[in-house]
Each structure stands twice: as C-alpha cells, then as structure tokens.
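As given, the protein sequences belong to chains B and D, one line each in that order.
One point on numbering: in our numbering, the residue at position 407 of the first sequence is 407, and numbering is uninterrupted.
One point on numbering: in our numbering, the residue at position 91 of the second sequence is 91, and numbering is uninterrupted.
These are computed hints drawn from the structure, not numbers from a lab.
Model, not experiment: these values are computed from the prediction.
One or more hints might be untrue.
Lysine-lysine pairs mimicking DSSO-like chemistry, simulated, CA-CA at most 27 Å apart [unchecked claim]:
| id | chain 1 | residue 1 | chain 2 | residue 2 |
| --- | --- | --- | --- | --- |
| 1 | B | K314 | D | K6 |
| 2 | B | K297 | D | K217 |
| 3 | B | K352 | D | K54 |
| 4 | B | K350 | D | K6 |
| 5 | D | K217 | B | K75 |
| 6 | D | K6 | B | K266 |
| 7 | B | K63 | B | K40 |
A few chain B residues that face chain D, going by a derived Cβ cut-off under 10 Å, partial list only [stated by the list, open to error]:
| id | residue |
| --- | --- |
| 8 | Q74 |
| 9 | R91 |
| 10 | D92 |
| 11 | A254 |
| 12 | A298 |
| 13 | L342 |
| 14 | G343 |
| 15 | W357 |
| 16 | E358 |
| 17 | L359 |
| 18 | S363 |
By construction, the Cβ of each residue, glycine as well, lies at the ideal position given by its N, Cα and C atoms.
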Amino acid sequence: MGLKVGIDFGTSNSGVAIYRDGKVHILPIDSKNVVPEVVKTILYITRDYKHFIGQQAVEIYFKQNINRQRRFVQKWSGEIDYTGSDMHYVRDIYVYVDELQPGRLLQYIKTALRSEKYQGTQVFERYYSLTDIISGYLQALKQRAETLLEEEISGATLGRPVKFSQDSDQDLKAQNTLLQAAMDAGFKQVEFELEPVAAALYYELSLSQPQNVLIFDFGGGTLDLTIMRLGDPNHREVYASGGISIAGSDFDRAIIQKRMLAHFGKGVIQNDPDIQKLIHTIPDWAALPELSTPRAKAELEGAVHAGVTPVRLKALESLIFNDLAFSFYNMVEATKITLSSLGAAVARMKEKDLDIWELYTRSQFEKDIQEYRDQIEQMLMDTVRASGLEPGEIDAVVKTGGSSNIPVFSDMLARIFGEDKVKASDIFNSVTGGLAIKAYQNS
Amino acid sequence: MISPDKIDEWIHEVEERPSSAELIIHYIANRLSELASREEELAAQNIELLSGRKVEEYKSRIASLEYQLALLKRQLGGEVILPTEAPVTTPIQETINIVICNPSGRVLRLEMTPAELASSPTMARIIGEVCLEGAQPTVLVTTSQEELLLIFDSGRTVAHPASQLPLSNADSLGWEGAFLEEPRIKEELAAIQPIAKMPLYEMCIQTSRRGYVKKIKMPVFTSHLAEDYIGTGVKLPADKTCGLTFANTGSLFVMVSQEGYIFSMQAERLPTAIEEVIRLGITDHIVATFTVNREPSILFITQNGKAVHRDASWLEPANSFKSKGQAILSKERREAGIRIVGAAPVDDPDWGVFLLEDGSLNAYKLEDLLATGSLPVVQPSASILSFSTFHMPETNE
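This is chain B alone, in the form it adopts within the complex:
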C-alpha cells in the first residue's frame, strides 16, 4: 500500500504533512518561503503550459511580468445575431489579446469553489476548468512532497471547510470538484475531513484529560467553528459545527474599498462611468488583470490628457498596465498582518506613477470590518447554542489559521469565554497536522 498524506488546501496557504512513528511531520514543502512548511496557494501557468506554485511562482511571475512590453492584437472570438427595425444582423466579435503575455497567475483558487459563477478561465489557447486549475496545483504539490519523502504518494486526506457555501448543492459541487481535481492530480485514494476537526485532532495530542473544545479556524477564505469533546480517542464527539464565508481576503477587500480607492480617483471622478467602473473593479482580484485593454488605456490617457485628476488616474493606469495588481494585494495583506502586532502601519507602494502612503491604524481597521465582526460574533453564539453547552462549559478555545491572530477576534473570544481559555495552536500547521493524523487513521 502506498503512502498517505494530509493536505491542507487553503485559500492563501497550503501544507502537506505525514504521520509516522507516532509523530506528525510537517513537510518543508516550499524551501524558498519564509516559513518553509507552508506554500502559497498560487499557480502560475507559463505560455508553454508549465505549472509553478508557491514562492517559485511568485518569483517567475515578477521576473517575467513587471514593466514588460505589451502588444494587443484583435482576435475573432465569435459572432452575435441581433435584430434592429426589421433587419437581422450578424456581427463579428473581436477581443484584444496581449500576445506578449508570458503567463497567467492564479490566486485565491479555493475561493472559486464557493462561487456559482466561476467555471474556469482561458489560458492562452487552452481552457482551464476550475478542476484543471486545482488539479495543476495539487499535482505540483504532490511532486514536491514525493521528492521530499523519496516515495510515491498514493492517497491523501484533504481538508475542507465546514461549509464551502450556505447552499447545500453548491457545497456538494465544490467538494466533488476538489475530489475530481485530486484524482486528476494522481491521488488514488482521497478522503475529506473538516478543517476544524483536523485542527482538533492536532490539538488533542497535547491533552492529558478530556475537554470540551471550540476550534476557531479562521483562515484566508472561511471561518470554521467546531465544538467537540476531545481527549479520549475512543469517545470523540462533535457537538456542533458552523461556518461562514468571511475571512482574511474579505478584510483585504474592505481595506481596499475603504482606504485605497481614493488613491485611484474614487470620489473625484464623478461623470465618467467607464473610469468609475475601472476604479470599482480594483478590489476584485480576478477581474483586475482583465482590465488591461487598449480601450481602457485610451480612456485613462484621454482623461489624464484632459487634466481630470491626472496623478490619481496615472496611478490607476500604472496599477493596471504595469502588472502591479499582485504586489498591490500583497501590500494590503501585509499592512493588515502588521496591525495584528502593532497599533499602526503604513500601507506603502511606490512604483512608476504610483505612490501610495496611507497611515492605517488598528482602530481604523476594526471600524472598517465592523459589519463582519458582528456577523462572526452572531455565528459564534449560534454555534455555541447549537452545541447545547453554555460558554462557561467550554474548557478551551483553540485558535488556528492566519486571521485568528487578529486582536479584535482574540478579544472577542476572551470576552465571551474568558481569557485563560483562549489558546493559540500552530496557526499555519495545525490543520495540516490533523489531516496527517486522519490520513494515518484511515489507512
């Protein structure tokens, strides 16, 4: 029988672990990363259809794309029929394609699983369905793990959020897509485990007596809550679980909407719907790279030429046409992460024609995500209520996932359950470790 591993396929980061000799071994899957045990969930596909993941993908993307040349050519993409007066017309549709584009960078892949609309994307001459994209990523992950383990991997236990979507059909569809992608990537046996349950299993290793535990798994894409009885492997019981599609990427989007758009002309551009549309597309990571069309360039250059807030529109042009979107999102995320340890941070980005300096404080951030905080607290109280336990009956609250480090949520947990009960697990690896334990138990 082949090897089985646990894989945490996360929204921002992923990880691979194996359980051997009574211990969890988190694999140093990305040697180029600051934390080698996690690999960024990023896939870069080059023009010759080679796949790169993690820090390597980022490096190749920067090398190939920043300040590169562009050449737009018109390509026939189909035709439309329409009727006007009593005439029937058939019109050719052309799209502008940048024929010098060296590759496509795909991020927040997991978020696409919860979208009803996202089916896939065209990468040069090939169409990549969502299954193909995830499969490409998992295949690269598998190859790296096999190189490290020097052994073939036959199966995996994959983590999944409590709810991909509030809609049960969409939730099932998302899991099936992930299953198919894992099979296509070469895993012969694939099982799923809820991510907070996996985190609980990892936490259980440190327990000497049974406890009621709330797992607060707050990552890049979702918040997953599970209340369990842990400590006795023969009598584990899940009391309640809940999930909500709010997490780190939503907070990044809130920062962009409330603090960054003004740098690109929001509030100043009043009577130009085309440019307003460009500005309001900035928070949409999937749509921003698609804005680099000759038409958008002509609109922006026309407005700059006419003296309409030229500095801000030049900044917008630079963001779109110098391939700075990825750096921009990273900058916003880094500012948010800094605020977990400091009371203030500076969102700073200085590139050609683009100069952002935004002093951002923790209280501003907390104000910007107020709406999400209320929803999260509501979900938390609903889950506790569903478990049949009172907050005082919960012995430990285990935080895991990058967003669980945000102080306002630690304060929320301390206020409801008591400060001494809130414990931080390994924020990036507890789910991966728990999945490895589950994979071992299933084999």
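The hints should help you fit chain D onto chain B, whose structure is shown.
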C-alpha cells in the same frame, strides 16, 4: 491624502491605545521628511523652468528633430538645403501655401500669412478657363515647410519642397503661368500629398477612385519612394489612383464617395494586396480619404455649398470588405443630383479653402461655416470643385 477625518481617526487610535502614539509620530515624521526632500526636488525643477533652462533644452531637442526631419526629406528626393551647422533655435514664421493642381501637371502656388488669409473670404480668382481641357483642378492647403509628393496615375512620383514651387500672383492667377511637372505619355497627375510628417506614421494607404485599397508598411513605402515609383494601386483598367493616406495602428481610415457613401475601418485591418473595400455604383467614385485620430468630427461638403457635419462617433467601421458603405446623403437628395466634393476630419479652430467653378478661391473659418450650414458665396451657377482644410498656424507677435 490626509483629511481631517483621518487625523481624527489617528487621534482615536492614540486614545484607545496610547502605545500607538509613538509609532504614529514616527511614521508621520518619516513621511514629512520624505515630502520635504521631494518638495526641494520640485522647487529645483521649477527654478529650471522659470529660468528658461528647460525651455532652452526643449528648443534644442526640437531643433535636433527638425534637423533629422530635413535629412529624411533629402533622402526622399526633396531639394532641401541642409544647414551646415547646428540649426538656429528661433521659431520659423509659418505661412499658408495654397496649392492648386490639375491632371495635366500644372501647379499653382499662393503664399499668404494668416493675417492676409483672415482679412477677406475671397483670396484670388483663376483667370480664364478653370477646368482646362475639361480637367478638374484640386486644391490643397499646406504650410511653407511642407514637402509635396506629386503622384501620377502610372505610379510615378516626384517630390518638391512646397517653398520651392514657383509662386503665383494672386491678382493674375492663371494656368498659363503655372509650374508644369510634365506628365509622360498617357500619364496624368492624380494627386498631391504632403509627406513631411511621413516618418511619424507606421503605414501608408493607397486608394483608387473605384474603392480599392492597398496598405503599405512605411519602410517598404519609403524604399518605393526612393525609386520614384509607388505602383498604380489599381486592378481595373478604368480605375485610377486617387491619393495616399498615412496612418498608425489604431487610426480609423475613412473613404468618402461622390454619391455620399462612406467606408471606414481600423487602418491595421486593411488589406496589404489591392482589394476592393467598398462597392461603388457605376457612376460613383472616391473623392476623399483620410484618417480620424483625435479630431472630434467630420465635415462633408456638397457641390452646392452645403456643409454636413457629423461627430466622429457617427462613423460605423465596416466589418468586412466590399461593403456598400454608410450613407451620408438621403436617397432623395442623391436622386436630386447632390454630390459630395470633399470631406475631412475637423476641429473647431480649423479653416477651409474652397475652389469654386467660377475660379474663385475662398477661405472660411469652419466654426462660422458650421453655424450657417452652407457657404455664403456659392451661386447656383458656380458649384464647388474642391476643398481643403487646414489649421491656422500661430503667429509670433
């Protein structure tokens, strides 16, 4: 972008977490220091501008570009006298040159200052027969610094600097005293094209009277010009070349026919081999070709002096060749004998020069013309033969 609201929010952070105060002061101080050094840089640039150093630098760059342009003109066969040392930077006083030519190779040139042109609508009148031996003349307005390419229907070309064509007298304008670039046997002068700005374009489009088009990449066209032969640009024996248009990628190329049909298409989509792009009626032919770039509107002139004005966005670029074209004239007006004699992309400050059947040459500010909708001087007996637009050069006072 620091607003009072943001400052209040920072103060709120300090009230909530006093430990943030030190950090905020640190960030603001760093920013102030950065802005101070940037302000110093900008102030230094401002001093350069105010002292005229930048102006001198740009003048020197312009002079260098003009010198390169003169070299290019020389390569193309123009008889430009090259400066023997670095060109002077004093601006050259531009004059307006009105060039009238006919198919037999006769060329008349009038030179006027902007002030002379604006003083009276009628500038001159051709004495004697206007359409010599039935050959209809055409008018072109250009500047004194222009290089003119004379294109014969055989595909042969001859280049002359505008300023070196003999000057005609406005008071005794007639074909007898015209400069003659004698056509060869069975040859006719088909068009005159200004080419001084040619190096600024990526391609040249040759058009024929029957709606055939050929796109030539500029390096290839330049090598053709060096041979004084650009090709006939026609497929049909009864067809004839009717001119050249320079374009860049993204320019919208436009052709207008006498019966008021318009063909437009992005220049880069035009064929490189001679191809019929608009299907014209048997009695119709092309009267104007041009490209639309930043000009906001198009002006069409009919033989009876009506000015039809359309926004550039009115043009509907064709999706394919051999189209019938977009109509500017209604069926009734076409059947009533209304014909287009010329069209051009225009901007508000532009001027137009009109050559009438009675030989008179009239200049109008297009803004005035568009307000009235027609030429005031056109009599039923004297229809318009040709017209040309131009941008009035700025005077140095």
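Quick rundown of the hints versus the structure:
Taking the CA atoms of B:K314 and D:K6, the gap is near 24 Å; set against the 27 Å cutoff, the hint holds. Simply put, B:K297 and D:K217 have alpha-carbon atoms about 25 Å apart, close enough for the 27 Å limit, and the pair holds. Distance check on the hinted pair: B:K352 and D:K54 sit about 23 Å apart at the alpha-carbon level, within 27 Å; holds. Proximity of B:K350 to D:K6 is assessed by CA-CA distance (about 21 Å); at most 27 Å being required, the pair is judged to hold.
The hinted pair formed by D:K217 and B:K75 meets the criterion: a straight-line CA distance of about 21 Å does not exceed 27 Å. Taking the CA atoms of D:K6 and B:K266, the gap is near 16 Å; set against the 27 Å cutoff, the hint holds. Taking the CA atoms of B:K63 and B:K40, the gap is near 18 Å; set against the 27 Å cutoff, the hint holds. The restraint placing B:Q74 at the interface with chain D holds, with a minimum CB-CB distance near 8 Å, inside the 10 Å limit.
Satisfaction of the interface hint for B:R91 is found here, the shortest Cβ-Cβ separation to chain D being roughly 7 Å, below the 10 Å cut-off. Checking B:D92 against chain D: minimum C-beta separation of about 5 Å stays under 10 Å; hint holds. Given hint, B:A254 at the interface with chain D, is violated; its Cβ is 15 Å from that chain's nearest Cβ, farther than 10 Å. A distance limit of 10 Å between C-beta atoms decides the matter here; for B:A298 the minimum to chain D is near 8 Å, and the interface restraint holds.
The restraint placing B:L342 at the interface with chain D holds, with a minimum CB-CB distance near 6 Å, inside the 10 Å limit. For B:G343, the shortest C-beta to C-beta distance to chain D is roughly 3 Å, which falls under 10 Å, so the interface hint holds. For B:W357, the suggested interface contact is upheld, since its CB lies about 6 Å from the closest CB of chain D, less than 10 Å. Taking 10 Å as the C-beta cut-off, the interface hint given for B:E358 holds, the closest approach to chain D being about 8 Å.
Checking B:L359 against chain D: minimum C-beta separation of about 5 Å stays under 10 Å; hint holds. Below 10 Å, beta-carbon pairs count as interface contacts, and B:S363 has one with chain D at about 4 Å; its hint therefore holds.
Against the hints set out earlier in the document, a violation occurs for number 11 only.
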